[in-house]
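Colleague: Chains as they are written, first to last, in the numbering used here: chain A, 1 to 346; chain B, 1 to 301; chain C, 1 to 262.
Note that these hints are calculated values from the structure, not bench results. Ideal placement from N, C-alpha and C gives every residue a C-beta, glycine not left out. The reader is advised that the hints may include incorrect statements.
[Claimed, not checked] Below, in silico cross-link-like pairs of lysine-lysine (PhoX-like), each with a Cα-Cα straight-line distance of 20 Å or less:
#: 1; chain 1: A; residue 1: K109; chain 2: C; residue 2: K183
#: 2; chain 1: A; residue 1: K64; chain 2: A; residue 2: K25
#: 3; chain 1: A; residue 1: K268; chain 2: A; residue 2: K246
#: 4; chain 1: A; residue 1: K121; chain 2: A; residue 2: K109
#: 5; chain 1: A; residue 1: K268; chain 2: A; residue 2: K250
#: 6; chain 1: C; residue 1: K94; chain 2: A; residue 2: K112
[What the hints assert, rightly or not] Below, a sample of chain B positions facing chain A; criterion: calculated Cβ distance under 10 Å:
#: 7; residue: E3
#: 8; residue: L4
#: 9; residue: I6
#: 10; residue: Y8
#: 11; residue: G9
#: 12; residue: L11
#: 13; residue: T12
#: 14; residue: E64
#: 15; residue: M123
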Amino acid sequence: MATTKSTGLAVRGINKRFGPVNALKEISLDVQEGEFFTLLGPSGCGKTTLLRIIAGLELPDSGKVILGGQDITSLPATRRQVNTVFQSYALFPHLTIFDNVAFGLRARKFPKNEIEGRVGKRLEMLGLLDMAHRRPHQLSGGQQQRVALARALVNEPKVLLLDEPMSALDARLRAQVQVELRRLQRKLGQTFILVTHDQAEAMVVSDRIAVMNQGMIIQFGSPKDVYEQPRTRFVAEFLGAANLLKGRKKHHGLETDIGFLVLEREPKWENGTVAIRPERMHITEDPASVNSTRARVREAIYRGTDLDLWLDPGPLRVRTASNQHYEAGDEIWLELPSEALVILDE
Amino acid sequence: MNELIIWYGELTTPRRLTRRGLKFLGVGMLWILLFLVLPGLVLVAVSFATRGSYGQLEWSFTLENYKRLTGFSVFGWTADYMIILWRSVWVAFVTCLAAVILSYPLCFFICSRPERTRYLWLMLVVIPFWTNMVIRTYAWFLILAPEFPPARIAHFFGFLPPNTPLYPNAFAVYIGMVTIFLPFVALPLYSSVERLDWSLVEAAQDLYASRTRVFLQAILPQTMPGLSVGIILTFVPAMGMFVVPDLLGGAKYMLVGNLIEQQFGASRDWPFGAAVSMALMLLTMVSLYLYRRKHKEMQIV
Amino acid sequence: MRKLHPVISVLSMLTLAFLYVPLLAVAIFSVNATRYGLAWRGFTLNWYIKLFHNEVILNAAWNSLVLAVVSTLAATILGTALAIGIDRFPWTKKLGTTLDLLLHLPVVVPDIIFAAALVVAFGLLRMLSSFFEPGLLNMIIGHITFQVSFVALVVRSRLVGIGRDVEEAARDLFADTPYLLRKVMLPLLVPGIVAGAMLAFTLSLDDFVISFFTAGPDSVTLPLFIYAAVRRGVTPQIHALSTLVLMTTVILIIGMERFTRD
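Given only the sequences and the hints, what does the whole structure look like? Please build it.
Modeller: If you want it as structure tokens, here you go:
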């Protein structure tokens, strides 16, 4: 607790069981003020439960939630300076957009002119001013999502929680909304915590990501960190594509099925795995001095922006620019640069 | 129990929540217990009591009422009451069957109407559903009157003496019952027919030409949910129906509903009336039980 | 939609005729000038005019209205509270099943048994208080008892439809319990409550059996009056009354349809 900055959010040793299911195991994390923090993980990993505990919609079996230096674990949702954008948006269908956004202020009996000012400002910021007097069902999915955002933000929460807010949007719109969300958070300088199972989305918006699996946080780090330095096989595979190579430690490198690989550091284990991203491998005319192997193209998949080659010995996968020409049967030299090889923990 | 829980976003204790829940339930449940469950139990008790010579209740435990119902009396055995019970089940069954047979074409017809006018056609089924039973029953007095074709035809074929109406008799009871209960089957059935997946029907038509098989294997299983609601809504109340047999059947075609009414009305024999009610309740529960069992099997097939 | 076999259309028309010809006959004979017999003697509205001068009928109409309004009001309040009580609290599974069973009881039990039970129960209660003499009060109690279930079932399905999301959202937005009930739950429940009340009202107007068993000499309602009258013999005046009742039903149904459509 001592390490907590007085303005941020800290979670300490949270456990939660649902009957036989251990939903959260000893979760601890710190979110700095003004940070865009993302809980990333597959469905059922406990990320939404953790978010609901922070929101005050679920009680932990043990552990603490600390906001701005104050223990809020047993504070009801009604009295937490935290607001949520729900996955279903949970807009009030009987209220106009204006009344939806004003709800939190009215519940706390703010003076009328202040409500109008603050609601108006948020509606304008999110481009909803024209539809202030419509009802939620008259709006598109993207508009509804912005209403949910405005409804939470108008209360100026210390932490804004977003529970898979883009899952109901189509892919094209989602990409656009992600950028907008990022920009909005920067502009407001407020703390955002996002829950998502979409690694691309997490990359776009976050300052920091916590990768979760089976009720535990596997790895913290910036998008670049978790992508380029995955600690485990799960993280490597959950965030984008990865080639995994098993081997045995030998001198300053690793003896694998495709030959000896020089590593930058010495692994802590005797037998283990290294990972390399497909786009970090190079295709060369001639064998490089080290970390080079001969491979044959089994399948070439044109993806527009790039070209994916599936190779023998498999299952190796390399990504190259889409203006390159390779087809099944081609023999190539493949270089696996030492700096791109990530030693996994297990 | 002082532990905290969160219920629908509210931080509270189980005890506080229970207390509030009981406040919501309290009056309503008390009402149902007081005016439904308690009277029901009293009815059970009364069925074991004795009728005093002036119609008053005498609280001496006896099985006499049930013995009488099964036909035993000081004068020997008679099947009268058993016949009435059996007849009630039979009438309910025939009513159900007729209503189902008539409802299918009707529902398909309504579904085939264009979107704009479909609900108007549906209204034509909804209106009788909500129209008072007494009115719908006595309306047949007019149609079955001696001046009109049905009675005349019956007379022509020698079923009916001249200048007599075509009621009260068994035929009129069936007619009246089907009129009353047809919408009870048609409305739930319609909601199923509306959602029918025609591709299955067409596939069936491609595979085998027989209409019967198309109906049995493609249409019937799909419309089962609505049909089963309709059958339950018809069979149970039809067994206890009293207005229709009273007006259109008279003494000639008595059903269990009339028997009960008689005991609480003219005969003023509450204990026997209570016993007959128990018999009807038993029939109701048996049919609900059988039906549920049968329905479960149907879902598996 | 697909094409229908003509036999199906013809059958449907006959079925609809089967439902409507008797009612049509009632309407036609309600404007027939003759008092006796079924021969057509010309158009008249005399029978309708006479209705409005008939004390007994006006009284019966008033009784029907009082019965329906009072029982509907009470049943709507009780039924709504019951629905919330059953759906929105963490009852054990066993209690939940019991409550559900009690709620469905009036729907499954044949009305004549329920009526018989009420006769017996009121008969015994009468020994305690003259309150329970057969009459309007007993009828109201009887009607409320079966209406409560229907209201509660309708409101409960609406509650299920609302879901718990909005409640959590309201809590998240600082709403305390009274504010939540007033500003979120009640407004969202209104369509369900009104639909339940309309159903209860129609059920009350439609009921014959329970009224028949619990009515006293001064509390005759329209269905009871019509029943008693047709047993003595049908008259054009009864046809006129029935036609009016029928028309009221149609108007109520159209109103209900309009309301539930929006």
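Colleague: Each hint needs a verdict: does it hold in this structure or not?
Modeller: Results of checking the hints against the structure:
1. A:K109 / C:K183: holds, 13 Å
2. A:K64 / A:K25: holds, 13 Å
3. A:K268 / A:K246: holds, 14 Å
4. A:K121 / A:K109: holds, 18 Å
5. A:K268 / A:K250: holds, 12 Å
6. C:K94 / A:K112: Between K94 of chain C and K112 of chain A the Cα gap is close to 48 Å, so the pair fails against 20 Å, i.e. violated.
7. E3: Holds, because the Cβ-Cβ distance from E3 of chain B to chain A comes to roughly 9 Å (cut-off 10 Å).
8. L4: This interface hint holds because 6 Å falls under the 10 Å limit.
9. I6: holds, 5 Å
10. Y8: Check passed: Cβ of Y8 of chain B comes within 9 Å of chain A, closer than 10 Å.
11. G9: Since the shortest Cβ distance to chain A is 5 Å, the answer is holds.
12. L11: holds, 3 Å
13. T12: With Cβ-Cβ at 8 Å, under 10 Å, it holds.
14. E64: violated, 55 Å
15. M123: Violated - the Cβ of M123 of chain B stays beyond 10 Å from chain A, reaching only about 27 Å at its closest.
Of the numbered hints stated above, those contradicted by the structure are hints 6, 14 and 15, listed in ascending order.
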